[in-house]
Amino acid sequence: MSWSTRLLFLVLGAPPLVGSVLALAPAFSQYNLSDGSLNDSLNYFAGQIPPAFIALVSTPGIATSAMTSLLAGLLTPALSLVSVFLFLAASQEGRTGKMIAQLAAPVLAIPHAAAAFALALLLAPTGIASRIIASVAGWELPPDFLFINHPNSVALILGLALKEAPFVLLVALAALPSTDAPRRVALARTLGYRPTTAWLLTVAPALYPLIRLPLFAVIVFASSTVDVALILGPSLPPTLSVRLVEWFVAPEIEQRQLASAAALLQLFISLFALSIWLIFERLTARAYASIAARGAPRAASTDLRFEAVLTAIGNTLIPTSLVLVLMGIMALFLASVGAQWRYPAILPTAWSLQHWSTALSTWQTPLFNAIAIALLSVTAAIVLSLITLEAQTRSRANTTRLSTFLYLPLLIPQVVFVSGIAVFAERTRLSPSLLLVAGGHFFFVMPYVYLTLQSGYARLDSRWLLLAKTLGASSAVCFLRVRIPLISTQLITAAMLGLTISLSLYLPTQILGAGRVPTITTEAIALVSSGSRGTIGTWALLQSALPTLCFMLALLAPRLIWSNRKGML
Amino acid sequence: MGNFFSRAFFEKIRLIALPAGAWLLASFSTSALCQSSVNADNWPQISAEARGQRVYFHAWGGDTALNAHLSWVAAEALSRFGIELIHVKLADTSSAVSRLIAERDAGNTERGSADLIWLNGENFSALKRANLLFGPWAEAQPNFHLVDADRFPEMRQDFGVKTEGYESPWTRSQLIFYYDSERLIEPPRTAQALRKWLKENPGEFTYPRPPAFLGTTLLKQLLIELTAEAKTTDIETLFTNPPNDSFDAVTAPLWTFLDEIHPYLLRGARHFPQSGAQLRSALNDREISLAFAFSPNEVVSSISRGELAPSTRSYVFESGTLSNVSFVAIPNNAPSKQGAMIVSNFLLSPEVQFKAATNTKLASEPVLSFENFAPQQQAVLLENARAPGAISPTELARKIQEPHPSWTNELEREWLRRYGGGR
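Quick note, the sequences are listed as chains A and B, same order.
Going left to right, the first sequence walks through residues 0 to 568 as numbering that gives the first Met the number 0 numbers them.
Going left to right, the second sequence walks through residues 0 to 422 as numbering that gives the first Met the number 0 numbers them.
In isolation and in its complexed conformation, chain B is listed as follows (with noise of 0.2 Å):
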């Protein structure tokens, strides 16, 4: 015990302490964010030292319509605000989260590789939980008010999880299902009818693999579904809980479900496709006649790139869809905070709203409540809704919010484990 407080130890922690301290203080005197926490008083200071600096946005980089549209918010960026937006481009947004965590588990705290990243569910929930976001930074930016948070709580709420300030919403999305009007006169609308149309039309329908997104989400759908038909548990505990000693009792209804329609979906379930556009394809070649997307305006942005027949309608279940907002966030070892904030509150100017959402390719479901576009935006909007494929408003108010996001995992696991190693 003796050597343990020994000169040499003392002489070790100073040379520890000392740089430590001194960067702490260099980094507190200096920089608009030396407050874990910003507020809008300091907008404008934030704004000046965003200036000059360059954001790398991991962003999905699957759609050409959306990395059109970044590469045009990356221009205005840089005349308006000075700031370089690159946007990198991810095969999957998981691969941004595994990197953060190896970043901090080599010691990288302050030159991480993303500045910006879209984000939602699991992915938001991890990396909370792990403390890797910087924040609350969102509802600090001058344009957070005119998405309405008050009115529409899902702007605060990621899968169930309080955002507190630590990503900021950008645009939205529901799951809406289409068909070709010319093959299907009168599409299932319900889930018990999705089973016994498929039964009288068998190879017509099928889903992405789980853990692809889009196949995730249409488990949760039929176990909401499912569960409030049952009865016999608490449709609550979805949304509030994480799922514990009773997930075999709930999901049990979801897998009779599958194991009775698998039979029946195309390639009699041998094999699913990888992806929403690969079940696009299916339904435009004819393989399938029913299909679904988690896009509102997917069909009428796909009809004009020529991907889907105009006779293509789409349409929400009886019950209601699934519905989330996409959020950006900013991890904690990002060089460039100042310039991530100004970025991200330019994605919720009306203009950059109204852009995305008038861009006929794109067509993204904006996150502003409807009255704080202008009266000129506001007419655009609705003569859009009415377009061939388009679905109405008060058919997308049936809105479902999404389940507890330790859900989302557990499903994936679930499933992988019945379905994933084959037969």
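Here chain A stands alone, though its shape is the one from the complex (with noise of 0.2 Å):
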């Protein structure tokens, strides 16, 4: 290991272990729970295991409450993965799947929570579907139906997988050059495939590994999340994340104990998500091996249906997703301007600045405090990221095991690691302030900013840089004069990628924060409570918008930088 590696183990790869170690602790404790509840047939273990355990085991519907996290860590992956192969697959060289593809781009930056309410707006028994439906059908009253927060999360999976198509969608997007699937397809369209099916067969196991460790990510996150499960989850029983936070705020000790049991059991079904992926990634990949063996198209007539409803498919997901967002978006905006909005108006019956004006008497120190927790996680990362690609580069030092552990504070929940932190910052009196919170954001913001400048430092032609020290540059003005400027694309892509996914964190600001660093985002989910629909499309909005013009930015620069000159994109 080169003293680069070293380091950045020791930066990402330390906190979240201590973290989970600090968080988890408590549930071994000997203390006795003073909750008469337990089960009988347990108590013959009392003594043995400790009383955190036999609480969490006897807790009503807590099998639920796991079983529901672990099918939305992995049907979300899977319906992510599935609609981005389809869409990309029928609509390969297309003009529209580019355009759809940027549009997958804003939607990615628009923060999960805000996503998630716009969801809700639609498809609630009061949402503007129903509205719709009303106003054709007659209808007065709402209907009574459940489907946003029904027991079988079918809401919840499919909240999460309208975020983390588009997340997905990108990261195939920017792997895809590297496979040379022009041409993989091209070999198969001889040997008798439609272009859809020789996409899936030939470029689909080629792409898959390249987008393999941010899948894990998106197990991770879909099976931990806190506040898209708080808004489409089912609540009774919640999803294991949210009773876990809910247990963890609770003033009574003995439920920090049980809090920290449920951590130890958040963090054992993340891993189960993941044994259970990578066990079906070989039973698909070896189904994929004995269908490609088989050769020989199908018959041509069969073929043809089948191409055609695969391509439909992947047509509709995507774009269908995208379009729900974007409507969402418009309902947040309804929303905002709605003085009054009563079932079955579909749209509201007065409007009123009011929840503008009360959100943007109050928004500035929120947005100064997210702003500066961005500028100062991302440039630390930035900086951070530079250092150990260039000192690997001039060591040649093989960086393959490096992502693995990069991806350490992504693949452990956020709720595990980021309560030990706040243990720990507590034990050794770092008090809450703007500088941890951003300290916290760092651990987020780096796999990400790192990950997007490692792309750029492997597609550099290394001869660039030769060529710059034969003509006698030393090694920081090749760093700063060649280096520098030809990276400025995937530098500028990284800096705003980091700070649209700074901008939109809440747990770790809420909880290394204590609530005395508040940003836009912990003032909308502070907001939620009240439920007021104005309210909350506000700051949903507000909370949209400036990840939105990072990423417009992140998209535009490049553009204009690069305006005068060829192949640079």
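Below, simulated SDA-like cross-link-like pairs (lysine to any residue); rule was C-alpha separation at most 20 Å, straight line:
1. LYS219/B - ALA396/B
2. LYS195/B - SER318/B
3. LYS161/B - LEU131/B
4. LYS354/B - PHE372/B
5. LYS195/B - GLY267/B
6. LYS195/B - GLU259/B
7. LYS360/B - LEU352/A
8. LYS398/B - VAL160/B
9. LYS398/B - LEU225/B
10. LYS398/B - GLU228/B
11. LYS230/B - SER318/B
12. LYS198/B - PRO186/B
13. LYS230/B - PRO241/B
14. LYS565/A - SER487/A
15. LYS97/A - ALA180/A
16. LYS198/B - PHE144/A
17. LYS398/B - GLU364/B
18. LYS468/A - SER394/A
19. LYS360/B - GLN353/A
20. LYS360/B - SER360/A
21. LYS398/B - LEU193/B
22. LYS360/B - HIS68/B
23. LYS360/B - SER356/A
24. LYS360/B - ALA338/A
25. LYS354/B - THR357/A
26. LYS360/B - TRP355/A
27. LYS230/B - ASP244/B
28. LYS198/B - PHE256/B
29. LYS198/B - LEU140/A
30. LYS97/A - LEU316/A
31. LYS198/B - PRO142/A
32. LYS360/B - SER351/A
33. LYS198/B - ASP143/A
34. LYS354/B - PHE143/B
35. LYS219/B - ASN243/B
36. LYS398/B - SER318/B
37. LYS360/B - THR361/A
38. LYS360/B - THR357/A
Hint data in this document are derived by calculation from the structure and do not stem from the laboratory.
Combine both chains into one complex, guided by the hints.
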């Protein structure tokens, strides 16, 4: 291990590990829980198993909660992956495909909570969809059905996939060039395969390994999300992560131990979801291999129908999801300017700017904090990434193993390790401050910044630097005048991606800042409890505005910088 | 044993004891808070020391009207007392309590993150039991006499727990029910009438999922009413004692009642709203036709914001509804205790109380006794009580006190055990 690898491990790997240990430790305390409801059949184990675990196991509905988290953790990435692959297969080289992919980027910038609200505003019994049906069918009263918050958690998985699919799409698009897709498809076409099938059989297996790690992060995120599950997930019982946070903030000390035990279970569920995914990977790979080995495409007629169905699905799923999000944003906007909007009116019946004026009178501090935290954490991440990348290229170290622990902060559920870091900060008398929050954000920003810059380093032909050296340039000059300008696109993308992520982080901000460092996101989530549609709409839009702006800049900036150069995009 | 009393041992004691002693001496000699209690005589010194302090006020931040009111209070506190008041908006007060416990566990005894906390009931009882509160100080405030605590004992009682000067009242609340008078002519006024009405009108009522505060409040209201009706238990045990072995017997009628009404709730009780605000928008969208809130002026303020129709009316149950007082308390490890006390005293002034009561978006119920307002202020308050959707003072006088705080926990736990796991 080179010193740069070690540094990276120390900075990125150690805090999540230490944090997790600290967060999980109370679960093993032998302090007796004053819970009278211990299951009798479990009392036999009392004294051998820490009481927190017995209490956890005897909590009603805990198995259902864990199951919901597990399902969300598996179905969200599966749904996202399938829809992205089908979309890429169906729309290869197409103009519309490119346009839609560009639409996906701003959707990625919308914070999860805002997207979840948007979906609820559309699909709840009093939502826009229901209002439109009411105007046709002549309903006076909203129907009494359960979709959002349904115990089957379809709405939760749908809401998560709406946000994760664009993420997977962008990751896949970034990796696609290195698979040499057009030639693979062309080869399969000469063997008689139709375009969509050809893509799925030849490009997908080459693309999948490149987006595997981001998918793992999706699995962990989906199985441990708090804000989306609060808004869209079931409430009887809620997901494991939601219950964990409820216990973590409860005033009784026993609940803290219960929260720690639940955090351990959460870690287990996330890892379990990962291992099931790995098994499925093997099975799918085997199935793929046997299909490919069968060789000859099926009889032309069935193949055509099969191809048509695949193409149709591929062309609908992603565009529908994007349209859904955009309509949701519209709904948020309507809610934010509506003074009166009773069912079944499709549009508000009275308009006002009162929600905006109240929000705008209090948003300066949260906005300033959010921007300061984002800038601090992103700058630190960029500097550290450049240092390690520079060191690695100069020592020509093998960097493939690195990316595994780069993902550590993303592979350990946020709730688990952030609460541990809060305990650590408290022990070491670091008082909650903007700096501490920025430090917390750093862990979540760093992986994305590093990976983006790494792709820039990998893509840059090293002969440019060799050329500069032969002309007598020092290493520093090489770095500053050759490397930096040539990776400026990746540098901007990394910065904007980092800013976007930092701006929408809730849990680390709230827990590490002890509520003293309000950001737009924490204010927005605090107002969720007020439940007024107008307030939620306003704050959800405010919360989305900045990240979206960053994203737009990230897309535009390279075009502006390279407007007088060819082949740089 | 010989080693135990060795010189090194005493050396260690000296190393620990000396700085601690010095710190104790230093803290005794300078501040007005040198004694553990505060009295009215040293108020001038307290206000002098408060100048320039920064006070972190941890209070629920889910109400924009209240947030706006507190930011006005903050601006006034800065210009009048030179205190920088910062409202830390909490999604849930219990998070402040758990933070205090975490701080104590970490040995943080003097630089806590909160200076003033909006508390009541179980949170107060938990902090007081754990000795995490500073005091007594509340009755030393110059404005405290305005609440007339001798006539209104609820100003010294928080859910049956004596406050003993460890917290100061600042607003009060009562459970009220409300309905759209265009959809519902005669709303139910007792628990039994509610059950009968709900069976005839399925899906038109629901309640926030306990432990959401408003949901638990309804459980307590029903428990008191059903207990009084059953006459099998002495109702006083609910108010004075924590639940004991008889919990199952006492609460049996409540669970029977809930089992009976649940199939008739909105969404068949497979999902409950998360808060009173969601209940309110469900009523506004005609999903339900009867709702409730823990704020007598909820309906008036919501009508003014356009969140409820002007035809909405509010009322309380025949035998009265739960009512309680909200308090502010100062943690033991608060760095700006003096500033916190000055802010609390300011919250008790007729000026602030009147402003909070007459702000149409907030309309909080004052803790001051009516005659302590100026005559013009009294006239305005009387006028406001006649607004559409407002509730008359005579009806509001039907108050039921809160049960002992430990009932809250037990009821929530039992509710979650019975219904929280789903079916």
